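J.: Residue numbers (my numbering), protein chains in the order written: chain A, 3 to 156; chain B, 3 to 156; chain C, 3 to 156.
Take these hints with a grain of salt, some might be off.
[To be verified] Pulled a few chain B residues facing chain C out of the computed Cβ check, cut under 8 Å:
1. Asn-14
2. Val-28
3. Thr-33
4. Asn-35
5. Phe-38
It is worth saying that the hints were derived from the structure and are not from the lab.
All values reported here derive from a predicted model rather than from experimental measurement.
Glycine included, each C-beta is placed from N, C-alpha and C at the ideal position.
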Amino acid sequence: MGKIADRLKKLNIELPQAAAPVANYVGWVHTGNLIFTAGQIPLREGKPVCTGKAGADVSIEEAEEAARLCAINAIAQAAAALDGDLDRIVRVVKLTGFVNANNDFTQHPRVVNGASNLMVEVFGEAGRHARSAVGSSSLPLDVTVEVEAVFEVS
Amino acid sequence: MGKIADRLKKLNIELPQAAAPVANYVGWVHTGNLIFTAGQIPLREGKPVCTGKAGADVSIEEAEEAARLCAINAIAQAAAALDGDLDRIVRVVKLTGFVNANNDFTQHPRVVNGASNLMVEVFGEAGRHARSAVGSSSLPLDVTVEVEAVFEVS
Amino acid sequence: MGKIADRLKKLNIELPQAAAPVANYVGWVHTGNLIFTAGQIPLREGKPVCTGKAGADVSIEEAEEAARLCAINAIAQAAAALDGDLDRIVRVVKLTGFVNANNDFTQHPRVVNGASNLMVEVFGEAGRHARSAVGSSSLPLDVTVEVEAVFEVS
């Protein structure tokens, strides 16, 4: 068992099947040493588990949990790109977190921390990434957060 | 005639001149094997052809058509980067679609499909890309959608 | 003294210490020949200096000035990545500017020009970048603008 697979097991995280997009795009593209994932939403078994505006319809804690699920789904895409061998991930390069938020929301970083913390739990120092956290007026399926990732791989 | 130029002709798509930004930025940057385009908006002959909020001021179908035009404009940028030789495009790596949308909009994927479908019509399997679709509270010139692209080139 | 350090001095720009994120992410990641920065906000000495919606709470000119500060902060991140040797920057590849804006705002390009102009002042032709400018319903700490950057380095 790989090091990262082992780590996921210790964290009790079971990677889902990478979500297969239903349109003319894909969940990941591997180019050179980089993997770009599609924007990941808090889907579990194909269903959105957290919808509505962060801090309004949904608590910050719930939104953070949703961001964590987005990150897990991003790792699932990387796993699909690497035939399951997550030990080939050298670095989490970049996360961009789009938070479904009203005009007066200011706590986007706390929400996206759910994704950032998960990456560091799983990959350790290699999980530390550059990050942007911004507000979106709305998101697909009314999900609370969407996270896209760039990974460096060997 | 190149393979992709031929394909564009069969699709009756005439690439515009790549839009020249009017400020201190450029339409594309080629770095290593990647081309990053500037965010493309639904301009035709220098004029925005689709403005307003998707699903409110503008129908989903019109917004999707606008996203298609953004994708054509992104290909025009890539053509400028490659001195017209679009056969050097190995892969459409990533599209990010920002949809001008009210707080309750949820159909961003359908809008951005206009861009995704165009890429696959033109590039076939190599046109399948990682994609994010998100809502923006507003966009430049009030356009309905803005799409940026990353291409891998040989 | 390096060429770019000299240029900054002539422009009377003192680079701040790169802001150290307070969460599980970092200000920059260097991968291959690219540096990806975290989203930079108009912080000066750790405090946001421009908050509120562009064109509503804050004038376009103030918002543009804030974008300029974001760009300075992005250069500070690149300097940290390069142990201060900014002459290793070959090209500013990409800027993405998220403008905190109401639904009816349309002048995102003017705001983000503050960042674009700064890059060209500092790096000359190598400062010309691909750019996206979009509206965000809200941003962290209610700042007026957030800018992320990709640099190519030697």
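J.: Against this structure, judge whether each hint is valid.
T.: Hint check results:
no.: 1; hint: Asn-14; result: 28 Å, violated
no.: 2; hint: Val-28; result: 5 Å, holds
no.: 3; hint: Thr-33; result: 5 Å, holds
no.: 4; hint: Asn-35; result: 10 Å, violated
no.: 5; hint: Phe-38; result: 5 Å, holds
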